[in-house]
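Colleague: Single-letter residue listing:
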Amino acid sequence: MVLVEAIILSVLAASTPLLLAATGELVTERAGVLNLGVEGMMIVGAACGFGGAWLSGSIIVGALCGIVAGMLMSLIFAFMTLGLAVNQVATGLALTILGIGLSGLIGARFVGERITTAPKLSIPGLSDIPLVGRILFGEDAFVYLSVALIVAVWWFLYRTRAGLVLRACGDNHVSAHALGYPVLRIRMLAVLFGGACAGLAGAYLPLAYTPFFIPGMTAGRGWIALALVVFASWRPGRLVIGAYLFGAVTILQLHAQGAGVGIPSQFMSALPYLATVIVLVLLSRARTGGSTAPAALGTVFVPDR
Amino acid sequence: MQLVLEKRAERSRTIALVSPLIAIGLTLVTMSVLFAVLGKNPLTALGVYFIAPLTDGYSLQEIAVKATPLVMIAIGLSLCYLANAWNIGAEGQFLIGAVAGSWIAVKTQGTEAGHWVLPAMLVAGAAAGALYALIPALCRVKFGASEILTSLMLVYVADLLLDYLVRGPWRDPAGFNFPTTAEFDPVATVPVLIEGGRLHLGSLIALIVVAGAFVLLDRTIKGFEIRVVGVAPRAARFGGFNANQLVLLTFAVSGALAGLSGIIEVAGPVGHLQPGISPGYGFTAIIVAFLGRLNPIGILIAGLFLALTFIGGEQAQITMKIPLDVTKVFQGILLFYVLACDSLILYRFKLIFTSRQVQSGAG
Numbered sequence: 001m002v003l004v005e006a007i008i009l010s011v012l013a014a015s016t017p018l019l020l021a022a023t024g025e026l027v028t029e030r031a032g033v034l035n036l037g038v039e040g041m042m043i044v045g046a047a048c049g050f051g052g053a054w055l056s057g058s059i060i061v062g063a064l065c066g067i068v069a070g071m072l073m074s075l076i077f078a079f080m081t082l083g084l085a086v087n088q089v090a091t092g093l094a095l096t097i098l099g100i101g102l103s104g105l106i107g108a109r110f111v112g113e114r115i116t117t118a119p120k121l122s123i124p125g126l127s128d129i130p131l132v133g134r135i136l137f138g139e140d141a142f143v144y145l146s147v148a149l150i151v152a153v154w155w156f157l158y159r160t161r162a163g164l165v166l167r168a169c170g171d172n173h174v175s176a177h178a179l180g181y182p183v184l185r186i187r188m189l190a191v192l193f194g195g196a197c198a199g200l201a202g203a204y205l206p207l208a209y210t211p212f213f214i215p216g217m218t219a220g221r222g223w224i225a226l227a228l229v230v231f232a233s234w235r236p237g238r239l240v241i242g243a244y245l246f247g248a249v250t251i252l253q254l255h256a257q258g259a260g261v262g263i264p265s266q267f268m269s270a271l272p273y274l275a276t277v278i279v280l281v282l283l284s285r286a287r288t289g290g291s292t293a294p295a296a297l298g299t300v301f302v303p304d305r
Numbered sequence: 306m307q308l309v310l311e312k313r314a315e316r317s318r319t320i321a322l323v324s325p326l327i328a329i330g331l332t333l334v335t336m337s338v339l340f341a342v343l344g345k346n347p348l349t350a351l352g353v354y355f356i357a358p359l360t361d362g363y364s365l366q367e368i369a370v371k372a373t374p375l376v377m378i379a380i381g382l383s384l385c386y387l388a389n390a391w392n393i394g395a396e397g398q399f400l401i402g403a404v405a406g407s408w409i410a411v412k413t414q415g416t417e418a419g420h421w422v423l424p425a426m427l428v429a430g431a432a433a434g435a436l437y438a439l440i441p442a443l444c445r446v447k448f449g450a451s452e453i454l455t456s457l458m459l460v461y462v463a464d465l466l467l468d469y470l471v472r473g474p475w476r477d478p479a480g481f482n483f484p485t486t487a488e489f490d491p492v493a494t495v496p497v498l499i500e501g502g503r504l505h506l507g508s509l510i511a512l513i514v515v516a517g518a519f520v521l522l523d524r525t526i527k528g529f530e531i532r533v534v535g536v537a538p539r540a541a542r543f544g545g546f547n548a549n550q551l552v553l554l555t556f557a558v559s560g561a562l563a564g565l566s567g568i569i570e571v572a573g574p575v576g577h578l579q580p581g582i583s584p585g586y587g588f589t590a591i592i593v594a595f596l597g598r599l600n601p602i603g604i605l606i607a608g609l610f611l612a613l614t615f616i617g618g619e620q621a622q623i624t625m626k627i628p629l630d631v632t633k634v635f636q637g638i639l640l641f642y643v644l645a646c647d648s649l650i651l652y653r654f655k656l657i658f659t660s661r662q663v664q665s666g667a668g
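Chains X and W are the protein sequences, given in the same order. Under the numbering used here, the first residue of the first sequence carries the number 1, and numbering increases by one thereafter. Under the numbering used here, the first residue of the second sequence carries the number 306, and numbering increases by one thereafter.
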């Protein structure tokens, strides 16, 4: 039982950065912008987040540094794709390449340092309930934040007028523009939100997941977050399921490695990536009736005057 | 103040030619600022990066050696990107090519195998790279799965496979437990062009690939189809071109080229299979492809230029203690500027100083 509890706790922890980054990307893509630079924004968020926390001694300052770093990165992306109408796929790749370099540069002086990770919540009484106590009431604040965020995003997208306008921009920017909505401004805000989420997701890794920063510590999580958005058919509810499923795959392979299953560790480590490919294929195949992607996703929009 | 894009009546040919140069210029300015921030003299640093490697024979050979995989991979990628197929997993195809070719080298090690070994390795590397690239291509064509994500995921898988092989079954028993195969036999090694030098046969193969791509794109129907499918998919459909078939073709070709350059790298400059055989060639090649304007000759020049940054970066790390990551930052910034300047080909940038009300339904 203790093992099951430990596994569930570590699954939640492993899923949180995926959920955070994918939530941001979901909003960005719903506005019609495909930002492939999630990995780059995350890794810079990780370096800045750790740097901020290490210098200030505060996890909150670290998280804020990660958020701001992610937003600055996404601002470059917004300027390029929205301001200069550059191809979004190529710009996203450039953002990732730049991010990996920048994080190495920023993080170099922090490698080898350690911090105390974000504390786990502890409510006397509630956190001590057998089985569910620690799972429901004993996580770090980021876990709750990520869940609150996706609920808020669901509410925003489907229950507010602003959310409707944002989705309109993603489905048909010409019509949204004709109705007088500032398509580019809305998209920029969506991109910035995506950057903030990716930065926070990156910062989560050295602030709560491990107590140190290593270059390249995001290890493709940004790309998996992108795949999760496709997996979720651009819907917040399914995104939660997807993120926790992927977290579970990651943790289970780790436990299998630890238990000494006779399979080489590299094959187990490859599982999350292979699972992503298989899931993408199965889902795309199930969806032959028509794509659920925002109709204007990834297309350039230059308003005529 | 507001930045407004105005569509040009037609593509600007002048800007198409000078935009990579503007991009490089802007990158150099940005890098100078970065060097100054790092507390280094910008002029000295730029000198170490871009001038010093050009002044001695060893570095010049080393540039050609580094440019070889970059150019070969970028040529393949340019075909994909022209056809609007987004292969970003060239790094994985490079590694799989290296693994497949090395398999022959490892199995024939210490035997009497003759001169067929190296050609067989090259063929195996290219074939494995092509097959590996066909996975994401087939996933897109058959199931509509995003080739961007699948091709990238397979990079991690290839990396782990290579890691497993050199730590497990293929590890050199006399290698002091280092994760590497034994040095390849002479018959399994790419010959150098100048005795005692570093320049190897692979560079010649890269030049042949450039020439081949030039002929393909400029002189054949297939090349025309690739370009039309990318620029005007509707027109291509009316013309009866099979877009799916072109996705498979361009992915296979680019995978083959990446795989081939992988095995050349292992059997040439490196000499054995080990983790970390690529300093991100597959990703840097994306920059090379765009900097070279997806044009074979342009890619050759761009590949040499980015190879220069690798060598310059190593030099700067040794002589000026500038972190190696600066090279990656440089490459990322360069790609940004290249893309931004390319926008000038299609649009005029205008700054408007009084904010103007956007009229609804303007058209």
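Think of the hints as simulated: they come from the structure by calculation, not from any bench. Positions of the beta carbon are idealized from the N, C-alpha and C atoms, including for glycine. Among the hints, a few may not be true.
EDC-like mimics (lysine to aspartate or glutamate), calculated; alpha carbons at most 20 Å apart, straight line [unchecked claim]:
| # | chain 1 | residue 1 | chain 2 | residue 2 |
| --- | --- | --- | --- | --- |
| 1 | W | Lys-655 | W | Glu-311 |
| 2 | W | Lys-345 | W | Glu-530 |
| 3 | W | Lys-412 | W | Glu-488 |
| 4 | W | Lys-655 | X | Glu-113 |
| 5 | W | Lys-312 | X | Glu-113 |
Only some residues are given here: those of chain W computed to face chain X with a beta carbon under 7 Å [as the list claims (entries may be wrong)]:
| # | residue |
| --- | --- |
| 6 | Leu-310 |
| 7 | Glu-315 |
| 8 | Ser-317 |
| 9 | Leu-331 |
| 10 | Trp-391 |
| 11 | Val-446 |
| 12 | Phe-448 |
| 13 | Leu-454 |
| 14 | Leu-457 |
| 15 | Val-462 |
| 16 | Phe-610 |
| 17 | Pro-628 |
| 18 | Asp-630 |
| 19 | Ala-645 |
| 20 | Ile-650 |
Colleague: Of the hints given before, which are not true for this structure?
Modeller: Numbers 2, 4, 5, 7, 8, 9, 11, 16 and 20, in rising order.
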